[in-house]
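Protein chains in written order, with the numbering used here: chain R, 401 to 726; chain Y, 2 to 306; chain P, 732 to 1335.
Hint data in this document are derived by calculation from the structure and do not stem from the laboratory.
None of these values were measured; they are calculated from a predicted model.
Don't take every hint at face value.
Okay, derived cross-link-like pairs now, PhoX-like style, lysine-lysine, Cα gap no bigger than 25 Å in a straight line [what the hints assert, rightly or not]:
(1) 1310(P) to 621(R)
(2) 621(R) to 636(R)
(3) 201(Y) to 621(R)
(4) 636(R) to 1121(P)
To list a few chain R residues with every Cβ distance to chain P over 10 Å, as calculated [to be verified]:
(5) 411
(6) 417
(7) 431
(8) 436
(9) 450
(10) 615
(11) 618
(12) 625
(13) 633
(14) 634
(15) 660
(16) 689
(17) 720
Stretch-level coverage of chain Y by chain R, calculated; a stretch enters the list once three of its residues show a Cβ under 8 Å from a Cβ in chain R [claimed, not checked]:
(18) 64-71
(19) 207-219
Beta carbons: idealized from backbone N, C-alpha and C, even for Gly.
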Amino acid sequence: MAFLATFLIRRLAQGVIIVLIVSFAIFTALRLVPGDPARLILGPMASDAVVEKTAQEMGLREPIPVQYVHWLGQVVHGNLGTSFIKARNGSEVAGSRDADALGDKAPVMDLLAQTVPMTLQLAALALVFAFLISVPIGIIAGLNAGGWFDRFALYLGSAFVSIPNFWLAIVLALVVTAELQWIPSIGYQGFAYTILPAFVIAIEMSPVFMRSLSISVASAKQRNFVQLADVRGLSKRRILFRHILRNAAVPVLNIFGVQIGALLGGVLIVEYIFNYPGVGLLTVQAVLQRDFPVIQGVALLSACLFVVINILVDLVSTKIDPRLDF
Amino acid sequence: MPSEAALPSAATSVKSRGETTGRRMWRATYQQFEFKLGLFFLILLVGAALIYPELTNESPTRMHIMQRFWPPAFLPGGHWNHLLGTDQLGRDLFIRSLIGLQNALLISVSAVIIMFVVGAIIGLIAGYYGGIVDTILMRITDAQLAVPVIILAITILTVHRPTPESVTLVLALSGWPAYARVTRSVTLAERQREYVRGAKILGATPLRIIVQMISPNVLPPIAFVAVLDIARMMIFEAILGFIGIGVQPPTPTFGNIIADGRQYLINAWWISTMPGAFLFTTLLGINLVGSSIERARNKVLEGRI
Amino acid sequence: MASPQSATLLSIQDLTIELPQGSTSRPILSQISLDVPADGVLGILGESGSGKTTLAKAMVGWVSEPLRVTSGGVRFRDQDLMSPGVQKLVRPRIGFIGADPGNAFDPTLPVGVQIAEKLLAVSPATDMAEAKRRVVALLDAVRIPSAARRYAEFPNQYSGGMLQRAVIVDAMINDPDLLVCDNIIQPLDVTVAAQIVRLLRELRQRINAGIVFISTSVPSIAEISDEMVVMAGGRIVEGGRPMDVIRAPRHAVTQELITRTPRIWTGEAAPEPQAREAQPILQVSEITKTYHVKDRTRFFGRQSVQAVRGVSFDVFQGDNFGLVGESGCGKSTLSRLLSWVEEPDNGAILFEGRNIAEMTGRERFAMRRGFQLLLQDPYNCLPPHMPVGKTIGTALSIHGVGRRETAERVRDAMAEVGLSPDELHRLPIGMSAGQRQRVNIARALVLEPKLLILDETLSSLDPVEQGRLLNLFERLQARHGLTYLFISHDLAMVRRVCTRIAVMYLGKMVEIADTGGVFYDPGHPYTKALLSAVPTLDQRPYRTEDVLLDGEPPSPIDLPPGCSFTARCPEAIATCRLKEPSLWTRHPGRLAACHVTAPSATAA
């Protein structure tokens, strides 16, 4: 128990530092770009005076570290700021002359609250698909290393890895939705709209899992104690599940931690193409429109997610393999 | 006692005496059909990308107004002088794909070289020295990993005009942490090995040890993964182009060609699909070649050839 | 002694197993025929490469790809063991113990649980609680301390000797009729191996099984078997009762194996130390080294591992100084300290009278030419990507020698160690262990050192190669006036070559004396135990039963007060638990750290 406590405290502390660094970096990068956010909000028609006044009120003229600390203070209170662009009622408003229009903008927290569950749903379904594809193939390929199934898995993996995800999205939207009319996909009006985007993401993620799993299963199968287990009288089934898979799991778990980053990236593009109302779509729009608060909020969120997932992966790994030392 | 995997098994050592590793690797690679298939694709497509544009007087920006929206050659209505068809401005899709491939290769290969070199140097230093140097370097690496690459890319490119150079840099920026991490962990392991200790005892300086001893052992497998990454970077570059922040038109990149074609998807679906298929086949070639080399390497290391 | 009436448990007839290689096949076993009786011990003696392990595995029906049985068969109780149906039925009746205890268990599950799992698999009638009880009882019977606690521990928490015992428990847990032991003592330390052999002899009385004991060591087979056979090149070349075979070996291979078994107590006289100069070439004075590792059970705690706890000795020019000890004694740490790859926490090391710690960087760099270190592992000690000529030359170029001179000296060094000049551009990958060690030696020689430290350098080589390299060392010593410091666990080799020996235990020297003194007049109970455990065909001067140790050394983290050997010492007295003994001079030139054998005049 004490070990668990030290481990968690240490990793969480490191995690906080990482999150701080990341958010500061994004924060600064945004403000170093040419172009005035206040101008962006108010549009080209507003006068310079109004722009300047708004900027002062929004604290945009202060030195960047000071702004950062202010923002951080707000974050700790649960306030992630207000979008520059999106309005509460869901529409996007940019460039209204009226400085008061600011008050109608949607708080970032709300925007996130609306979109995060959607993305979670998408990501969860994508992971399910990815596992359904890669786990059986990876295990069977690993157990028959060198055989025809292994080669088939190799071809399949290479094919999946070579498919550009946005192209697949377009082709699937064209064929499955437009031509065959089997599954809807653009926008969101029900759970069915999650299927195609999730499938595209799953195709992107599976090759890495397939290969990593097949390599680690093949390697585990070669280990002395696995071959010996047969002689000792253990049943094949027991050997597979209790020994081979356990030992094969750790390298795969590590890959999983890294793949989460790729997952987030894939989500962005796929949501954009399918117009799926999740965090990804929000982010792409925010970046293209220079919506600072939203970008900052998303960056903060994803950094936290990254830290938490890696801690979880390490924790589960030590549970499985007692030799590991974190 | 030597570990299970370290020593070649007695059963194969008789066969392997006399043949160098290089020749065995070549044999193991060449045996595989995947390798030949992949190589075929690559030679065909990359070769075409490098040679064909010189030979033809077709250009990616030349518009044939009377030949707009022609489907690919193998479909009814298509013609052989526009192999993949034409787009909404009558531009030949085949040559656009070839030029797009040229650009993609240029950018991806450069990006991979940069990220490999930077990542390897950082990884070697962190892995060799350990301690506080390692901790600092790794925290920086972690911090960068925590930033979703796409956000970073989009942010930077929205701001600075996306030129091939800045796109290359963004790609390199996205990739170096993985290389640093992997290099570091392999260096850590290699550092413990006897011959490194032997060199230290002789009085070798850290620089000599890192450059002469550790790198030649540690870097080749990583360099090889880097080659596979070229494919990954090409996809990434295409994605950036697709969103609109890659290399800008009129220079054709896969991203902007496919993005352009989106609005004509129902009627002229080939504008988006054909270049994508072209890209897919090239990447398939790279990946097939890459995985077959990797399998060959495993075969050789485990003594199965 | 197997009686003529005892049933034949396992019968092997004309067994040939081959390994396909391309278009041909190489026979690993050729027409092996032998019978294993239902009780009694059959010993199988053979060198590495003779096919022993393949035979051992065939005896339990384990012939895996790509090996193939091309003729003959193995019958267990008159059933064909090569058929999968029979294997399934019969495996619960057979136990197999292999040579690699470190890899016999799944590292992710507790040891006891895995053994219980096996028991449940072969006797489904048992339930988990009962299985656990039986496992713990058997772990205790093989003298694993705190058996109940050990049940739930993982393989990486067990020492080598304990793992081997655990594997024995695993093989025996289901009361097998046949027990096959393949090379089980080779990877172990000498005293641990002796304990295992003793354990097997005891267990033999308890269980009702036919035992097959396979080994490369003639003395251990002689000690434990009722009948033995000798294997060479995949065939059985000789057989009979051990005493008969050893006294009158008929086959050349047997004769060679017997001759090669070192004679510790008879045979040549021990080498004598030479006349001394006043100044020792190496002086080590009370060095200590403690490592601090994270204590994972507490918040910020650290545990101290006292690897070296105050070591002092002198090495004089022209000496062959031997340092012996078993795993965990601190030898490897000491070797790192001596080569100044790490610095001692306290104490001093003086080379040619000068304290290394007080040298400047430059002086230390220059000093490195004076003494060199040769390491054990021939496969890892050379950079795999550099041609050997370059490896040898690197030593010189580091020290600023010019190209032409380097090339010349490299050639000379290679000639001296017996490497032909064609090897200059060769990569280490094709070379044998012996050749690699020669490259190593050349690399050290090329700097013209005065002192060579050999850290288990010969341990991975086969006896023939060892012999050749020892001759080389002798020649080099005569020619260049070298001084050697051998760090080894191989007492037989040390006996043959060294003039003075130091015995190390748990980070301290327990005895330092000339070779004759150590062997014939040991001053420390640990030395006695060590010597009694060395496998030999000669008559031993002490009975093993009197001096052999029990159990494991205490962990270097939690050392009890007093002499660290007390818990295992057959001669411990009250003082031993209270006060740590230091090295007393028993005779001129012979020191020991023991209260019991210390001259009473200087008793505390």
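These are the hints, each one checked on the structure:
no.	hint	in the structure
1	1310(P) to 621(R)	53 Å, violated
2	621(R) to 636(R)	12 Å, holds
3	201(Y) to 621(R)	38 Å, violated
4	636(R) to 1121(P)	51 Å, violated
5	411	14 Å, holds
6	417	19 Å, holds
7	431	40 Å, holds
8	436	50 Å, holds
9	450	57 Å, holds
10	615	18 Å, holds
11	618	14 Å, holds
12	625	5 Å, violated
13	633	4 Å, violated
14	634	5 Å, violated
15	660	24 Å, holds
16	689	48 Å, holds
17	720	6 Å, violated
18	64-71	violated (count 0)
19	207-219	violated (count 0)
Comparing the model with each numbered hint stated earlier shows that hints 1, 3, 4, 12, 13, 14, 17, 18 and 19 do not hold.
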